[in-house]
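For this one, chain R is given, so just place chain S on it according to the hints.
What follows is each chain in one-letter form.
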Amino acid sequence: MGRDKSARQSLGSLHMRIKQARRAPIHEARVLMVGAGGIGCELLKNLVLTGFGEIHIVDLDTIDLSNLNRQFLFRNEHIKKSKALVAKESAGKFNPNVKIEAYHDNIKDPQFNVAWFATFGIVFNALDNLDARRHVNKMCLAANVPLVESGTTGFNGQVQVIRKTQGKTECYDCVTKDPPKSFPVCTIRSTPSQPIHCIVWGKSYLFAEIFGTSEDDAPELNHNEDSENAQEIEKLHQESQALKRIRDSMGSKDFPRLVFNKVFKEDIERLRSMEDMWKTRRPPQALDFEQLSKEALGVADTIAQKDQNVWTAAENFAVFVDSLRRLSNRMEETRANVDTGNAPAILTFDKDDADTLDFVAASANLRSHIFGIETRSKFDIKQMAGNIIPAIATTNAMTASLCVLQAFKVMREEFDKAKMVFLTRSTERVISSEPLRVPNPTCPVCSVTQSTLLVDTSRATLKDLVDDLLRLQLGYGDEFSINSETGILFDPEEDQNLDKTFNELGLKADSFITIIDDADEDTKVNVVFSIAEKTLDKDTRPIHLPGKLKIGTKPKASAPEVNGNGNEHNHPVTNGVTNGKRKRGAEDNLEDDLVKKRGKVAAAPAVADDIILVDDATDGAIVIDDD
Amino acid sequence: MADLPPPVQGPTAKEKKYDRQLRLWGATGQMALEDSHMLLINSGPGVVGIETLKNLVLPGMGNFTIQDSAIVSEADLGVNFFLEEEYIGGFRAEHTCNLLKELNPDVQGNFITEPIDSWLTQPDSLKPFTLILAIAPIRPELLARLSAHANATLIPLFYVHCVGFYSHFSVHLPSAYPIVDTHPDSETTADIRMLKPWPELLQFAKEKTSNMDTMEADDHGHIPYIAILLHHLEEWKKGHDGKVPQTYQEKTEFKTTISKAARTNNPEGGEENYDEAVAAALKSLKEPEPSSSVKEIFKVPECVLVNKESPSFWVIAHAIGLFYTKYGVLPVPGAVPDMKARSADYIQLQNVYKSKARKDVMEVLESVRFLERTTGRETVIEEKDVEQFCKNAAHIKLVRGRPFHVVQAGETIKWGERAKSIAQNLTFPDTLIPLYIAFLAFDEFVATHDKDRLSGAPKMPGETRQETDTEKVTGIAFKITDDLIKEAGTFIEEPDYTAVKERIGEFVQELVRAGGAELHNIASLTGGIVSQEIIKAITEQYIPVDNTCLFDGVKSKTEVIRI
Numbered sequence: 001m002g003r004d005k006s007a008r009q010s011l012g013s014l015h016m017r018i019k020q021a022r023r024a025p026i027h028e029a030r031v032l033m034v035g036a037g038g039i040g041c042e043l044l045k046n047l048v049l050t051g052f053g054e055i056h057i058v059d060l061d062t063i064d065l066s067n068l069n070r071q072f073l074f075r076n077e078h079i080k081k082s083k084a085l086v087a088k089e090s091a092g093k094f095n096p097n098v099k100i101e102a103y104h105d106n107i108k109d110p111q112f113n114v115a116w117f118a119t120f121g122i123v124f125n126a127l128d129n130l131d132a133r134r135h136v137n138k139m140c141l142a143a144n145v146p147l148v149e150s151g152t153t154g155f156n157g158q159v160q161v162i163r164k165t166q167g168k169t170e171c172y173d174c175v176t177k178d179p180p181k182s183f184p185v186c187t188i189r190s191t192p193s194q195p196i197h198c199i200v201w202g203k204s205y206l207f208a209e210i211f212g213t214s215e216d217d218a219p220e221l222n223h224n225e226d227s228e229n230a231q232e233i234e235k236l237h238q239e240s241q242a243l244k245r246i247r248d249s250m251g252s253k254d255f256p257r258l259v260f261n262k263v264f265k266e267d268i269e270r271l272r273s274m275e276d277m278w279k280t281r282r283p284p285q286a287l288d289f290e291q292l293s294k295e296a297l298g299v300a301d302t303i304a305q306k307d308q309n310v311w312t313a314a315e316n317f318a319v320f321v322d323s324l325r326r327l328s329n330r331m332e333e334t335r336a337n338v339d340t341g342n343a344p345a346i347l348t349f350d351k352d353d354a355d356t357l358d359f360v361a362a363s364a365n366l367r368s369h370i371f372g373i374e375t376r377s378k379f380d381i382k383q384m385a386g387n388i389i390p391a392i393a394t395t396n397a398m399t400a401s402l403c404v405l406q407a408f409k410v411m412r413e414e415f416d417k418a419k420m421v422f423l424t425r426s427t428e429r430v431i432s433s434e435p436l437r438v439p440n441p442t443c444p445v446c447s448v449t450q451s452t453l454l455v456d457t458s459r460a461t462l463k464d465l466v467d468d469l470l471r472l473q474l475g476y477g478d479e480f481s482i483n484s485e486t487g488i489l490f491d492p493e494e495d496q497n498l499d500k501t502f503n504e505l506g507l508k509a510d511s512f513i514t515i516i517d518d519a520d521e522d523t524k525v526n527v528v529f530s531i532a533e534k535t536l537d538k539d540t541r542p543i544h545l546p547g548k549l550k551i552g553t554k555p556k557a558s559a560p561e562v563n564g565n566g567n568e569h570n571h572p573v574t575n576g577v578t579n580g581k582r583k584r585g586a587e588d589n590l591e592d593d594l595v596k597k598r599g600k601v602a603a604a605p606a607v608a609d610d611i612i613l614v615d616d617a618t619d620g621a622i623v624i625d626d627d
Numbered sequence: 001m002a003d004l005p006p007p008v009q010g011p012t013a014k015e016k017k018y019d020r021q022l023r024l025w026g027a028t029g030q031m032a033l034e035d036s037h038m039l040l041i042n043s044g045p046g047v048v049g050i051e052t053l054k055n056l057v058l059p060g061m062g063n064f065t066i067q068d069s070a071i072v073s074e075a076d077l078g079v080n081f082f083l084e085e086e087y088i089g090g091f092r093a094e095h096t097c098n099l100l101k102e103l104n105p106d107v108q109g110n111f112i113t114e115p116i117d118s119w120l121t122q123p124d125s126l127k128p129f130t131l132i133l134a135i136a137p138i139r140p141e142l143l144a145r146l147s148a149h150a151n152a153t154l155i156p157l158f159y160v161h162c163v164g165f166y167s168h169f170s171v172h173l174p175s176a177y178p179i180v181d182t183h184p185d186s187e188t189t190a191d192i193r194m195l196k197p198w199p200e201l202l203q204f205a206k207e208k209t210s211n212m213d214t215m216e217a218d219d220h221g222h223i224p225y226i227a228i229l230l231h232h233l234e235e236w237k238k239g240h241d242g243k244v245p246q247t248y249q250e251k252t253e254f255k256t257t258i259s260k261a262a263r264t265n266n267p268e269g270g271e272e273n274y275d276e277a278v279a280a281a282l283k284s285l286k287e288p289e290p291s292s293s294v295k296e297i298f299k300v301p302e303c304v305l306v307n308k309e310s311p312s313f314w315v316i317a318h319a320i321g322l323f324y325t326k327y328g329v330l331p332v333p334g335a336v337p338d339m340k341a342r343s344a345d346y347i348q349l350q351n352v353y354k355s356k357a358r359k360d361v362m363e364v365l366e367s368v369r370f371l372e373r374t375t376g377r378e379t380v381i382e383e384k385d386v387e388q389f390c391k392n393a394a395h396i397k398l399v400r401g402r403p404f405h406v407v408q409a410g411e412t413i414k415w416g417e418r419a420k421s422i423a424q425n426l427t428f429p430d431t432l433i434p435l436y437i438a439f440l441a442f443d444e445f446v447a448t449h450d451k452d453r454l455s456g457a458p459k460m461p462g463e464t465r466q467e468t469d470t471e472k473v474t475g476i477a478f479k480i481t482d483d484l485i486k487e488a489g490t491f492i493e494e495p496d497y498t499a500v501k502e503r504i505g506e507f508v509q510e511l512v513r514a515g516g517a518e519l520h521n522i523a524s525l526t527g528g529i530v531s532q533e534i535i536k537a538i539t540e541q542y543i544p545v546d547n548t549c550l551f552d553g554v555k556s557k558t559e560v561i562r563i
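So the sequence lines, in the order shown, correspond to chains R and S.
Read in the UniProt record's numbering, the first sequence has 429 at position 429, and its numbers run on one by one without any break.
Read in the UniProt record's numbering, the second sequence has 97 at position 97, and its numbers run on one by one without any break.
Same shape as in the complex, but just chain R (with noise of 0.2 Å):
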C-alpha cells in the first residue's frame, strides 16, 4: 500500500484503457501549465496529486498580497517572488516522483517557439489576460497540441478544450472577445460626463503626465475623433507640454499647488472660457487651493482607509496633497538610483499600489466635482481604474479541477466527451456543460493553413518566396499578400522589398508570416508560415516546404466579417469567462415571454444556439506528406 492507493484504486481504468490503447500513462505524461496565479496553483496541486509525470510552469508575475486570498501555494514571506518558482517549490513536496520545471518568463518570449510547445502532450492555459490566452491558443493550434483553456470571474468559471485535428473544436479565437472599452480624447479631456471619464482622466492622463511616460499610448484613449476637433486637441497638446515643465519642480514644496493650480484651475477655467461648449452644459467650476487648503486641515488622517465611503472634496483634497507628496518622493528616491544615460525614472499605475491608487481616485474625485459629476469610493474607484475582476478560492477550486477532468478525456482522445463546462450561480445546476463546438470556418486564427517554411535566410528574398514558391509552387495568382507580425510585406501595389533577403526583412527562425489570397475565384484560406532557420546548400533553392501542402478554399458563403459583431460566436468576455450559457439578447427574452404567456405559436426567435454551422473540414483539410 502506497502514497498512490487511492489514485491508483480509484483511477485504475484510466491507467488501463490509456495503456491498451498503447497511450503514455499518467505518469509519463508531460504538460505545460501557463500561468501560475488563482487556477494556476489549484491546477498544480491537481496536476501533482493525479500523478502527471512532467510539469512545466510559466509565469512572469510575482505574489502580491491581494493574492493571498485564493493563491494558496503561496504565503506573505514569498509577496515579491516569482510565482512560478515559489509553486514549484510549494507544489514539489506534495509529491516527489513529479518532475517539475518552472520558468519565471514571459509565455511570449522567443524560446518557447512552437517546437517547445509540441514537446507537451497537454497544455493548459490558467491565464488572466485575453492577450496571453490567444497567443498560447495560436501555438498550441500551430503545434497541433490539445489546450486546455480557462478563466473565472468571481463565482463564474469556465473550462474549454481546444483540439486542432482529431475532434476538430472550435478554438480561442473563433469567438469574438469585446475589446476593452476606450473613450475619445475630448470626452476625458474636455467634457466628461461621468464618474469613468474622470477616472479615465486620473489614471491615463494626469498621474501618466506627472509620473509616467505620457497618455499617447494609453489604451482607454482613442484618438478617432481627433480630426474632427483638430483645434481642440492642439490646444489640449499645448496643456500636456504645460504640465510636464511643472514636473520639473517636483519635489519642491510648491509642487502640489502647482499641478493643483494647473489641472484643476487654470485648465478649467480656459475650458470655460469656451463659451459655445457650455451652451447646453453645466460649465466646469475651478476649484481653489487655498480654500480647500483650510478645510482639509480637519480631515483625518485615517481617511485613506475608508476606502467604502464617498469623500467629501475635503477628503480628496487631503488624500491628492499627500499621495502627491509620496509619490514625488518615490519618483526621487528612484532618480537617485538610476543610473545616469538609462531611461529617465517613471512610475506606472498599479491598483494594488496604494500610493498610485490614492492619487487617481483623489483627482478623479476632484475633477468630478469641477463637473457636477457623482464622485465614488476609493474601492469602487479601484475596481474601475483597475479593471479588477473579483477572484475567490471556490470557484478556482472547481475550475482547475474541471480542468483535470477534460484532460483524462484528452489523454484518452475521447474527444466527443470531452465537453465546454461552465460554473455559474445558478443553484439549479451548479455546472453545466455544452459539447464542443466545430471551429468557426472564418475564424482569423484556426481557419488557416499552417506550415513551416525551411529558409535559408541569408540567401532567400521574398521574390524568392513569391515567384517560385508562392506562385509556381502553390499556384498563387496575382492577388495576394504577405504580412509579417509588423505589417504587409508585399502585395499588387507594394513591390519594393522583393529583393531584400529574410535577414533585412527581420524575418528570422519562429517568426510567422501570413499569405492572404485576394483571388475573387476559389479563393484560398489564409496560410500562416512559421520560419525554420536552415542553412541549404547553395545549389538549391534557399525556400523549402518540409512536404507536400494543399491549401483548402475559402466557404463560398457571404461570411460574416471577421471581428464583426457575428452573432452566433461572440462572447462578452471579462476574465475569460463568457457568462455561462451563451445568451439571447434580454428582448428576445422578454418577447419569448410574452409569446407563451399569451399561448401563441410563433417562430421562436433566432437564438444562436440554434445555428447550425456547416463543417467544410474536407476543403480545409492541410494535408502534409511526408516524402
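Simulated from the structure, these hints should not be mistaken for lab results.
Where is the CB? At the ideal position from N, CA and C, for every residue including glycine.
Misleading hints may appear alongside valid ones.
Quick list of in silico lysine-lysine cross-link-like pairs, DSS-like style, CA-CA up to 25 Å [to be verified]:
no. : chain 1 : residue 1 : chain 2 : residue 2
1   : S       : K384      : R       : K306
2   : R       : K306      : S       : K354
3   : R       : K279      : S       : K206
4   : S       : K340      : R       : K279
5   : R       : K181      : S       : K340
6   : S       : K283      : S       : K391
7   : R       : K168      : S       : K557
8   : R       : K306      : S       : K391
9   : S       : K16       : R       : K351
Computed, partial: chain R to chain S, Cβ under 7 Å [stated by the list, open to error]:
no. : residue
10  : L49
11  : L65
12  : L68
13  : N69
14  : R70
15  : K93
16  : F94
17  : D301
18  : A304
19  : V319
20  : I373
21  : V404
22  : L405
The following block gives chain S in isolation, referenced to the frame of chain R:
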C-alpha cells in the same frame, strides 16, 4: 501659503489581502465570515473535508475546529496535499490543522483527536460552532445527533460523500432561511417604473421633452431615454382611452412609434438615446409586479404573525407587505441605469429616483417602528437594514431548509412529500437520482459494518471484499428504490424499471470499486462547491443549493435535487 493637510494613513494589510472577495460579498459578508466557527468532522480518507476548509481559511473564516481521530498513513500522502512523510504516525487532525493555519495567520484553528463517539456525547461539545460539516462515513446515530442539534439551534449542517469519481452533499438549513442580499443579475435589477410614474418623474419627462421637435440636433440626441419613453407613453394614452399598450401587437406598435421618432438626418443615421428607448420599450411595459415567490413571502406565517421575538427580516418583510398592499408595488429601488444623457440631466434624473426611493424607505421605516412598538420588541432595527431591504425587495428569497436522510440500519427511508416527484424523475435518462440512492445504500452498509468488531471506525464497502460488498450494496439500493416507488404510490413500467436498476447497479459498482478511496481532483472540486455553499450560508447572501447536490466526475455533471 496655506498649510497642507497632514499625511494620511495607508490601507490595512487585511483590506488588501481580501480585496478581490470584498467585491463579491462586501464588508458585512466578510464580517460574518470572520465571526464564524466551523466544525469539521473528518472521516474516511479525509481529503474533501480538508479541501473545503482550505477554501474557507484562505478568505478568512474566523475559527475552525477539526475533529478526527485518524492517524496519518502513507496512503494519505498521495491524496492529501497538506501531509508529508514526516507526519506519518501522527494525528491527522493535528497536522492538517497546523498546516491549514499556515495558509492564513488571521484564522484560529483547533483540533480534537478524541474519538467522535465519546466526544460528541459530552454536554455542550457542539456549543461553540456556528456551522457543522460532517464527512461520510459516519455512524447514523452520530449523524442523527448532529441533525437534531442543527434543528434545535438553527445552525447549518452539511453532509458530504466523496468516493472515487463521485460525490454528494446535502445541507440542512433552518426551516425559515430568508435572504435579503441575493445578488441578482444586474440586468434584472433595473426597475424604472414607466407604468407607475410619480409626479416628479412625470414632471422631469415633461421638462426634457417639451418642444422636442424644434430642439437642436445635439439636444435631441441627449434626451434621457426614460423621458422619451414616458413622453410617448403619455402620447399613446391620449389616443387609447388613457390605457397603456396592452397586447403584444400594441406593444410592438409602441416600440415602432419610438423608433420612428428618432432623427436619422444626421451623420450617424440615428440617435443612441432613441436606440436605448427602443431597446427598453417592451420591458418597460411590464407591470412592476413582484414575483410570485416574493408575494408568497408576505403570506407565510412568520411574516403575517410578527411578534416580539421575530427576526428583523420578518418585521421588515411585514412592513413591505403593507406597502405592497397599499400601492400594488414594492418600494422603488432607486438605481438608474446608464444612459446617453447630459451629465446634468442624468444627475437630475438620479435625484428624482433617489428621493422617491428615500420616501418609500421612510414609509416602510415608519411601519417598522410601529410594529416594534406594538409587539414590544426590545432591539431597534437599524435604518440601514430597512434601506437595504427596500433596495432588494424584488429579489428577496425564502428557503425552507429541511433535514436530509439519515440512514438507520433496518429502517425504511422516508421520502415524504418528495416521494412522488423523485420517483417520477428517477426514470429520466440523465438524472443522478440513482447515484443518490447508491450513496444511501453506501450509508446503510456503513451503518452495519465495522472495521474491527469493537465498533471502531466504520467500514466502507469495497475496502476489503469487492464482489460480496457490491452484491450487498446493490441489494440494499434496489430495496431503497422499491420502497421509494411504493411510498410514491406509483409504478415504473418495463423497460424503464430495468433501466433504472441498471443505472443504480452501475453507480453502486463504481462506488464499491473505489473502496471508499478519494481521488484528489474530485475531492478538490467537491471541496470547491461545498465551501462556496458554506460561504453563502455564513454570509446569508446569494441563493443556496436546496438541498442536495450530486456530482458525476466521469461526465463532469452535477444535479441539484430537493430531498
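Status of each hint after checking the structure:
With a C-alpha separation of about 18 Å, the suggested pair S:K384 and R:K306 falls inside the 25 Å cut-off, and the hint holds. Straight-line distance between C-alpha atoms of R:K306 and S:K354 comes to about 24 Å, which keeps the hinted pair within the 25 Å bound. Restraint check: the Cα-Cα separation between R:K279 and S:K206 comes to about 21 Å, which is no more than 25 Å; the hinted pair holds. A distance of roughly 18 Å separates the Cα atoms of S:K340 and R:K279; the hinted pair therefore holds under the 25 Å criterion.
As the CA atoms of R:K181 and S:K340 are separated by approximately 16 Å, the hinted pair is consistent with the 25 Å bound. With a C-alpha separation of about 20 Å, the suggested pair S:K283 and S:K391 falls inside the 25 Å cut-off, and the hint holds. A hinted pair counts as satisfied when its Cα atoms are at most 25 Å apart, and R:K168 with S:K557 qualifies at roughly 23 Å. Of the supplied pair hints, the one linking R:K306 and S:K391 holds, its CA atoms being roughly 23 Å apart against a limit of 25 Å.
Simply put, S:K16 and R:K351 have alpha-carbon atoms about 10 Å apart, close enough for the 25 Å limit, and the pair holds. Proximity of R:L49 to chain S holds as hinted, the smallest CB-CB distance being about 4 Å (cut-off 7 Å). Among the interface hints, the one on R:L65 holds; its C-beta lies about 5 Å from the nearest C-beta in chain S, closer than the 7 Å criterion. Taking 7 Å as the C-beta contact cut-off toward chain S, the hint placing R:L68 at the interface holds, the least distance being around 5 Å.
The restraint placing R:N69 at the interface with chain S holds, with a minimum CB-CB distance near 5 Å, inside the 7 Å limit. The beta carbon of R:R70 is positioned within 7 Å of a beta carbon in chain S (closest approach about 6 Å), and the interface hint is therefore held. Interface restraint check for R:K93: the shortest CB-CB distance to chain S comes to about 6 Å, inside 7 Å, so the restraint holds. Hint on R:F94 holds. Least Cβ distance to chain S is approximately 5 Å, under the 7 Å limit.
With a least beta-carbon distance of about 5 Å to chain S, the hint placing R:D301 at the interface is held under the 7 Å criterion. Here the hint on R:A304 is kept, as its CB sits about 4 Å from the closest CB of chain S, short of 7 Å. Because the smallest distance between the Cβ of R:V319 and any Cβ of chain S comes to about 6 Å, under 7 Å, the interface hint for this residue holds. For the restraint placing R:I373 at the interface with chain S, the shortest Cβ-Cβ distance is roughly 6 Å, inside the 7 Å limit, so the hint holds.
Of the supplied interface hints, the one on R:V404 holds, with its beta-carbon coming within about 5 Å of a beta-carbon of chain S, less than 7 Å. For the restraint placing R:L405 at the interface with chain S, the shortest Cβ-Cβ distance is roughly 5 Å, inside the 7 Å limit, so the hint holds.
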